[in-house]
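**Q** Take a look at the letters that make up each chain.
4 protein chains.
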Amino acid sequence: MYNIALLGAGRIGQVHAANIAAHPLSRLSIVVDPQEGIARQLAEAYGASVRSLEDALSSSDIDAIVIASATSTHADLIERGIRAGKAVFCEKPVDLSISRVNATLEAIKGQENRLFVAFNRRFDPAVAELKRRLDAGVIGDLELVTVVSKDPGALPIDYIKVSGGMFRDMTIHDFDMARFILGEEPVRVTALASTLTDPAIKAEGDIDTASVTLQTASGKIAVITNSRRASFGYDQRVEAHGSLGTLRTENVPKTMLVQEREDGVTREKPLFFFLERYAESYAEEWKEFVRVLKGEVAPAPSGEDGRKALLLAEAAYQSLETGRTIAL
Amino acid sequence: MYNIALLGAGRIGQVHAANIAAHPLSRLSIVVDPQEGIARQLAEAYGASVRSLEDALSSSDIDAIVIASATSTHADLIERGIRAGKAVFCEKPVDLSISRVNATLEAIKGQENRLFVAFNRRFDPAVAELKRRLDAGVIGDLELVTVVSKDPGALPIDYIKVSGGMFRDMTIHDFDMARFILGEEPVRVTALASTLTDPAIKAEGDIDTASVTLQTASGKIAVITNSRRASFGYDQRVEAHGSLGTLRTENVPKTMLVQEREDGVTREKPLFFFLERYAESYAEEWKEFVRVLKGEVAPAPSGEDGRKALLLAEAAYQSLETGRTIAL
Amino acid sequence: MYNIALLGAGRIGQVHAANIAAHPLSRLSIVVDPQEGIARQLAEAYGASVRSLEDALSSSDIDAIVIASATSTHADLIERGIRAGKAVFCEKPVDLSISRVNATLEAIKGQENRLFVAFNRRFDPAVAELKRRLDAGVIGDLELVTVVSKDPGALPIDYIKVSGGMFRDMTIHDFDMARFILGEEPVRVTALASTLTDPAIKAEGDIDTASVTLQTASGKIAVITNSRRASFGYDQRVEAHGSLGTLRTENVPKTMLVQEREDGVTREKPLFFFLERYAESYAEEWKEFVRVLKGEVAPAPSGEDGRKALLLAEAAYQSLETGRTIAL
Amino acid sequence: MYNIALLGAGRIGQVHAANIAAHPLSRLSIVVDPQEGIARQLAEAYGASVRSLEDALSSSDIDAIVIASATSTHADLIERGIRAGKAVFCEKPVDLSISRVNATLEAIKGQENRLFVAFNRRFDPAVAELKRRLDAGVIGDLELVTVVSKDPGALPIDYIKVSGGMFRDMTIHDFDMARFILGEEPVRVTALASTLTDPAIKAEGDIDTASVTLQTASGKIAVITNSRRASFGYDQRVEAHGSLGTLRTENVPKTMLVQEREDGVTREKPLFFFLERYAESYAEEWKEFVRVLKGEVAPAPSGEDGRKALLLAEAAYQSLETGRTIAL
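Chains as they are written, first to last, in UniProt numbering: chain A, 1 to 328; chain B, 1 to 328; chain C, 1 to 328; chain D, 1 to 328.
In isolation and in its complexed conformation, chain A is listed as follows (with noise of 0.2 angstroms):
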């Protein structure tokens, strides 16, 4: 049984709790959180006490940290969760920065393999089942990757003011699934962006509509569309085209129900909210951990995925600001 200490009780903190609570081999020990309430009502929830960060740090039976904290403090913790011995799940992202990230990398140089930086999306049962049957060669040597993501609906500007810009906040995640999918690095990357959906994203000079494309030194292609806006639901989905064929998967609808009438064959939109429409990837994820913890794999994403993907946002940056496709 794994004792696990998680910084951090709000939304995704109170998704992570739940599903070491429901993992046969963890349990939520300790929760650390400066707002002392919803510390308290999580911790009660599962049997929890609520501590100081310091207190979980030097507990000795804390195996693991979780950290679902604000991303300003994420790699301060890595260092200072891998410092204390602990084993660390750290939320996208390690940083906005990379040299911050680089930095952190470095403090915990040969530790890596205590590291595990969670992009949730690897985990969604249809894309791991992309993967598995790619790996497989079902589909042959694979040539095209595309990945679409769109948000449902604006983000408050607040988030969106602190959020590091869309391709560090958002688009991160694609680029880590195109990694993940392409299997190999991407060697050039270019973009194109706009600001469409909301003026007060482009008074804070961010995008919310874009194409970055990459390419590998192989010649494989990925090729990322992104919204902040898809109105209907959380637009998610993935494609990998290869020489015997094609892998993709389409959204995910509510339910099952198809109403036909004079106005149309209307299916139910996909889910709208990325708690709902990746609970179980989080699930997965959680699992995936555990076996990181028993030691029967290496942590997949490490913290070198996590800044691999970042290097990916800096260069579409710098394809937009420069009109170039950046070689990386």
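Source of the hints: derived by calculation from the structure; they are not laboratory data. No false leads were mixed into what you were given.
Copies of the same chain look alike in the list, so a pair counts if it fits in one copy or across any two.
Computed list of lysine-lysine pairs in PhoX-like fashion (alpha-carbon distance at most 20 angstroms, straight line):
(1) Lys308 - Lys92
(2) Lys254 - Lys131
(3) Lys287 - Lys92
(4) Lys92 - Lys161
(5) Lys161 - Lys202
(6) Lys308 - Lys109
(7) Lys287 - Lys254
(8) Lys131 - Lys287
Since the structure of chain A is already known, use the hints to place chains B, C and D on it.
**A** Chains B, C and D alone, transformed into the frame defined by chain A:
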């Protein structure tokens, strides 16, 4: 907080235990099962205690019992539970014998509001939404209901032997579904049936392939089609046809993955096993039972719903035997 | 090159004329129709001439007649055509009266191989492919057939009056389809029916909503579900369930356009009108008839197929009247 | 009735011949083709005569010419046709060289309204309906366009050699589609491309796998994804994403047959060959050209549309060569 005693710690009992524990207003307090090992294991997982049936019924802090034991015990346990002042959540069916069902309903007369008979499929999110739209007039006046219900594969012959026959064991769900969607009582029943999937079923005098048609006094028609073996998964579809259109539920695929190759465009199969296919239904039906406990709603399905579904099964058998349309 | 005389230049006659003209081995030579205007218009479009029935039958260079005139004329025209040495392509039905059908088949005894009865749905590309795969063993042993057949909307009451009743006019197609898919003769028939869509239909003593169930000697079951009004389009689906799986045809949407908005994911409705929905079937059935003319295949559907479908309609009516399962 | 001279009696010429003949307002009068055999066969089938190009152009009763000959002849034939006072329906492209296209458009200055350039995909019923709804505001303001276009399989290398390269030969359709849907001119183009499907294509210096991204002055983005080999059929999908939702076209399956077995739920593959997939588009584009002949509408796509699509191809090549986003 409602304290629950669970009678029966087998497969379906475990499903109910998880839902009881997950609901913020209910707690699994007591597990009763003659097989001490599985009772203890289940009780421990949820902080409950293993007790005798007598203890459970006489314990003043138990609000409700959940009957998840063998079918032959249901009627007796309903009567004892009601007599002990408990609310009763009973797995379908009340009993396989209509006279026993009648006796039980007679015995609890005046207390019907404390008995909930768990026909889980009404609580499938797609079916529930279909019913909501139907009641809201989305497809106008209802005219035709179609229920396709096929088990994924042959059940063990030892199960078949004690099942009461396909109409009482399996089609009973479809009779309840037809009544639920129709919103009117059938007054005519005609059936044709065969035994095609397994000679062992034939040897037991049971059927495995059938169609039953129902008609209400106002002329609405419901058609049920059954097989004990769909081979590709659990084939569970409902269709309501009205004056303005149709509402229908499609099977639930394992994931939304699509594979396109020279050998065809292939999607994933429907979920195979009923516990997996109807996981959400079981959770939703427990929520409904908690509403019953809170006095917010009358129990539906009720004991009377259990009785009426069984009467339709009896009528279907009578139709097979006499070659007649049976009037109810 | 086969020279064809078309008897009847109405809606369905025009469909056949186009297919006759488009086939490299057939030519529309003569058009016969008491309404001279439409006969002339059709003849001119294809370089044919307008002639009397007598001329058509006595003309030595006419190889075959196509009967596309009013139902009441079919039986007589079949007999005259065969007597005149022509091959006969007859729109369904042979006649609405079973005794008249028997008399006609008696009259052409020994020449059955020259009569093709045009049940067009067998030639629908999806149905034809379903049948090919079924015969190739793709789903193992056939056990259950489901035919859903709903007209898009109410026919004019003047049509209903002379239609012979829904089972003889509309369900007759489904009886043929069931026999075609079953590959065995039904020996039991049971039916329930209502009149729900239009009081005018009720006033005519006709039905508009029904389910008919058939069973063969080996136990295969076929279920037909009908309505005179689907409102959203022509609802035409066939399903064959066997020991290894299922083959089923879905409705044909107008285009493959999908619209995703807050009000749902909406696809286009099924094709509405039978001439549009079955355009390919009509072309394919003409190709089949040319194969009959070339002596490559025996006519299928044959006159006997026409008779057997009508017998099933008669049995369905008898079941309604007697409240019994009818043995054939 | 418009009399038409068809220049080129090959595969695509035969498609146009059938549509010309089927239209009530047009007649195939003359067929011109150096290969006398196929010219004669086609002419006979439709009651036309085989004549020389000079005869066709000087014949006063010819209203329009259809250019379906080799690409290298298009520009010259357009100029001669217009000079002879004919309306011109020209298969795409006008020419593979932008300077030649410019020269031709210069040569016919003032007569642009007589030249129709046949980009057939605009006339696909699903695409046309998408455009109608987009223009009607069904998805609000357009933001993103996605065009997936993959040939079913490798073309003969002899074709590749004279094709002008993938962007000019195949992507040209997608450039036209993107412009058609965008309703605005792209002002920026970036591209990445590879050669992955066939070493013979590489040996020719051509590409077979690519992504091209376009951006308009208002910020709308269009993403084109291409491959020369989809293996499972002709992969042709268009998606328009706007402020209120999405309109997208799915591939067209051969039939609506579904097979459900233990090995998956399998539907039929997309139509494989472009003549089959776009049969309706060719018929619709002919109807549009007849509207042009009647003076009801201006030709669209026009010669200028042909030129602008080619300019986008040129820009895409330039982006590949320079590693820059190209400004137009």
